[in-house]
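S.K.: Which chain is which? The protein sequence lines are Y and P, in order.
Here this note's numbering is used: the first residue of the first sequence is 1227, the next is one more, and so on.
Here this note's numbering is used: the first residue of the second sequence is 1227, the next is one more, and so on.
Just to be clear, a hint being listed does not mean it is correct.
Footprint (simulated), chain Y over chain P, 3 or more residues, beta carbon under 8 Å [said to hold, decoys possible]:
1) 1240-1254
2) 1483-1489
Not close to chain P: a few residues of chain Y, all C-beta gaps over 12 Å, as computed [claimed, not checked]:
3) Leu-1234
4) Arg-1344
5) Asn-1392
6) Asp-1417
7) Gly-1480
Calculated from the structure, these hints are not laboratory results.
Note that the structure is predicted; figures quoted are calculated from it, not measured.
Ideal Cβ placement from N, Cα and C applies to all residues, glycine included.
There are 2 protein chains.
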Amino acid sequence: MKTLNVALADRSYPIYIGKDLLSQQSLLQQHIKGKEVLVVTNETIAPLYLDRLVASLDGYQTEAVVLPDGEQFKTLEVLNQVFDKLLASRFSRKVTLLALGGGVIGDMAGFAAACYQRGVPFIQVPTTLLSQVDSSVGGKTAVNHALGKNMIGAFYQPQCVIADTNTLNTLEDRQLASGIAEVIKYGLISDPAFFDWLEENIDKLTSRDPAALAYAIERSCQDKADVVAKDETEQGVRALLNLGHTFGHAIETGMGYGNWLHGEAIATGMLMAADLSARMGWMSESDVSRIKTLFEQAGLPVTGPKGMSPQQFMDLMAVDKKVQDGVIRLILLRGIGKAVISDDYDKAKLQQTLDFFQA
Amino acid sequence: MKTLNVALADRSYPIYIGKDLLSQQSLLQQHIKGKEVLVVTNETIAPLYLDRLVASLDGYQTEAVVLPDGEQFKTLEVLNQVFDKLLASRFSRKVTLLALGGGVIGDMAGFAAACYQRGVPFIQVPTTLLSQVDSSVGGKTAVNHALGKNMIGAFYQPQCVIADTNTLNTLEDRQLASGIAEVIKYGLISDPAFFDWLEENIDKLTSRDPAALAYAIERSCQDKADVVAKDETEQGVRALLNLGHTFGHAIETGMGYGNWLHGEAIATGMLMAADLSARMGWMSESDVSRIKTLFEQAGLPVTGPKGMSPQQFMDLMAVDKKVQDGVIRLILLRGIGKAVISDDYDKAKLQQTLDFFQA
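For reference, chain Y alone in the conformation it holds in the complex (with noise of 0.2 Å):
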């Protein structure tokens, strides 16, 4: 087992990567402050892996909230059967939440966990490569409006995290190719040194070999957590961290959420990033080939959804989080491994690359 620390002052806490660690009854219990424990999960994982969990929770008051499956879930109205799971429950403030699958499950059970009686401890116990690289790190948790992915949440910081990749085994294949794009955008952001393991070690990560999943999971999380330790709340350098986002959730919201994964919507948006960047002469072409043969590679898309048009897409992108004063400000690259934060890049070019993925 692989610990990481992600340091937030009081609010720190570790990272545990590792082999059938959902098992691991003392791992779980010394982060567990209280006797009552909620677990959240959904209607894919709860028959996988809650009764092993729940085994790991002997001695405790272990009450569970079954959610259905799926970003287009992640709203304020299902939230608030995590309330009334809560409330009908009569627990109290000394209630730990236990997020049990992928990052809906760790958003939403870490916004409830913020808000149930203004803040209650949680625990992340993400099931999904994706999850267990990114929404592990850093504290955020959200739900989606209908107008806008992720805008309604909190900075919030679990106990810990115990990432278990052995869960790994029962992710479907697109699933496991969502979370890879995510790994490979710390590669593109800031780890140039990673991004050429992958391309070197794709089919293994593809293929599921333990030993390169735990690396790459053990990097990702570094990597993230490095960003996070300096702006814990998005002042400046964690936007970096949004690198494909803002094309990406443009894509999720304008398909409806669920249609298209996380990560295979941000693979597209990075490509989208690297493209503009190309076309300002910030990055070159070969670069821009070198990551759209790894998405390729990974079963990732490396086209715009059909059936949106460059001035939906524009639309949806301005009423993204990153929009300040009116404009967009974008996460570009001036090459692979140096993500900047951009809102001088030229209009007509972002144009040229919406025609261009939208055509």
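Dock chain P against chain Y, hints included.
M.R.: Leaving out everything else, chain P in the frame of chain Y:
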């Protein structure tokens, strides 16, 4: 104009108390950082003060959302109307929310500000006595759930509070009395000299003497700010501010939100706490009589609501936030001005109090 400071490290903020502050442009504008403003108000207040406030916001991109008036609308569902308006207006992370109204509006606008894009600034402009002396200090924001009051919320501090005493002129008598209940609470908790002053000046408050009101607001805010500065997130001493609230919330939930005003419910709740304290020999019968007389002079109820059985009352108290490990913690009195947190009171005597008030 009086200025008080609520000392909370980097979340400190000023409270301004005085006449006609709504029209003082510069006071408001110095606390607004961006150019986007959403005023959150309700159907009662909007016709009275919205135009005056908007006139002070010349040069800003100002929108308003007008919510229905009443505690029964303090729900996640109505909260979503604020998010709808923010997103339809394409307001960014730089938006400032401006709460114009009583405690319900302050709680909802504050919670919306805490959650929108994971946190944007907000300013409180409380227009009721209750909200000027209570919710304007301390950063508690929340909405209700069918199973319990203020169960979903956040600790979130405003940029400033602007308490314009002119707005009290349009307040209904019953609303004024509800605010006086909260003023009396500060005397009961920790300020016996203020309680004496209130006994001498209660007629001036009910007849809206401006100097008496301003003094009562200032002293109440100062008393509350002193407690909050010691314990922002209610780990300890802040719980004293909940005197009368566990009983009072049971009344509000049991009678349906909005039928009993908050101040009416906590007045009865405080008297129940005093009654239980006296039954245990912690305070004298004569002090209980002083409290009862003062409430009666203020026009506040001194018996429990008809139609709620003692058992119903107890069940509702059991879901309050003050429950820890299954025990209902109460704020009780060791005399006027000496509130204490207790979970070792006599349960049989609590039953006697409920039987007595719900007879």
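S.K.: Does each hint fit the structure? Answer for all of them.
M.R.: Verification of the supplied hints:
1. Against chain Y, the region 1240-1254 of chain P contributes 0 residues with a C-beta closer than 8 Å to a partner C-beta. That does not satisfy the three-residue criterion, and the hint is violated.
2. A stretch counts as covered by a chain when three or more of its residues have a beta carbon under 8 Å from one of that chain; for the region 1483-1489 of chain P and chain Y the count is 0, and the coverage is violated.
3. Under the 12 Å C-beta cut-off, the non-interface status given to Y:Leu-1234 relative to chain P holds; the minimum distance is some 15 Å.
4. A Cβ of chain P approaches the Cβ of Y:Arg-1344 within 12 Å, the least distance being about 5 Å, so the stated non-interface status is violated.
5. The claim that Y:Asn-1392 lies off the interface holds: its Cβ sits roughly 32 Å from the closest Cβ of chain P, which is beyond the 12 Å cut-off.
6. Every Cβ of chain P is farther than 12 Å from the Cβ of Y:Asp-1417; the closest lies at roughly 26 Å, confirming the non-interface assignment.
7. Separation of Y:Gly-1480 from chain P is adequate, the least Cβ-Cβ distance of about 15 Å exceeding the 12 Å criterion.
Checked against the numbered hints given earlier, the structure breaks hints 1, 2, 4 and satisfies all the rest.
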